Each structure stands twice: as structure tokens, then as C-alpha cells.
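Asker: Sequence:
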Amino acid sequence: MRPYSTDLRERVAAAVDQQEGSLREIAQLFRVSVSFVVHLLQCRRQAGTLEPKPRGDAPPSALGSDDLRRLTDSIRKQPDATLKQLKERGGLTCSLKTLWFAVWRLGLTFRDGRHHGHDSHPRPRSTRRAGRGLDPSLW
Numbered sequence: 001m002r003p004y005s006t007d008l009r010e011r012v013a014a015a016v017d018q019q020e021g022s023l024r025e026i027a028q029l030f031r032v033s034v035s036f037v038v039h040l041l042q043c044r045r046q047a048g049t050l051e052p053k054p055r056g057d058a059p060p061s062a063l064g065s066d067d068l069r070r071l072t073d074s075i076r077k078q079p080d081a082t083l084k085q086l087k088e089r090g091g092l093t094c095s096l097k098t099l100w101f102a103v104w105r106l107g108l109t110f111r112d113g114r115h116h117g118h119d120s121h122p123r124p125r126s127t128r129r130a131g132r133g134l135d136p137s138l139w
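Going by UniProt numbering, the residue at position 8 of the sequence shown is 8; the numbering climbs one at a time, nothing skipped.
Please keep in mind that the hints were generated in silico from the structure rather than gathered at the bench.
In the DSS-like style, the derived pairs of lysine-lysine whose C-alpha atoms are separated by at most 27 Å in a straight line are:
hint, residue 1, residue 2
1, K97, K87
2, K77, K87
3, K84, K97
4, K77, K97
Please read these numbers as outputs of a predicted model, since none were measured by experiment.
Build the full structure now, drawing on both the sequences and the hints.
Answerer: Laid out in C-alpha cells, this is it:
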């Protein structure tokens, strides 16, 4: 989420300084939260500025392009491998969660349609509805 503009911050602070209303009324006037107004005033007192703090960049990925290429090849060779197996075979040092997000970002999946697809265990619609206690004569 992007920080509020400096212009809005200055207008909110000016409204508070000129006592144009309570903090709640000023927040409603500018369509911001009361906590934003309170935080803005605290930052002005402590730092002496209304400028938002600089945002840090996201940390670099734990997996490089070579790691992602090896991961993709491993999944293609053995699509039923678990994340733990992929991590061990690829010599990766990242967490399993990082590995899962990498697989997700690559658009790959672990599902094997031959065993888990809808066609392998067809159930008539009436069975599902009957299982929920619905009267089949109503449909």
C-alpha cells in the first residue's frame, strides 16, 4: 500500500493546528482513519517532518535463476515428488515455504490428474445433493 501524499498530510496537520474540529471529525473530513491522524501528529512531534518514512525494498529471493531452473527440471522429471524431496535433490537451502511459493510463481502444480481428477471417481449429482439432506424430487 502506498503512503498518503505529502499534500494530504500537510492539509490534515493544518486542520488540526487550526482546530477545525476533533481528530475524529478531521479524519472524516479527509477520509482517513483517526489512527492515521494520531500517528501523523506523533511523527511530526518526534521527527519534525510530515514526510512518510522511506519504504524498504523486498528482500532478495532465496532462489536464484539457476535454482529455479533446477527446480523446474526436477518437477518435470518427477511430478509426484514432495517439496522436501525436491529440496533434497536440488541441494536447495531455502525453507519449504519459500520452495512452495517458487513453485506457485512458476505456475507449476503438484496435482496428478490421473489419480485426483474428477473423472477418476465420478459421482452423480444426485448423490452429492442427497448426501446433504436435500430431497432429490425437488430438482
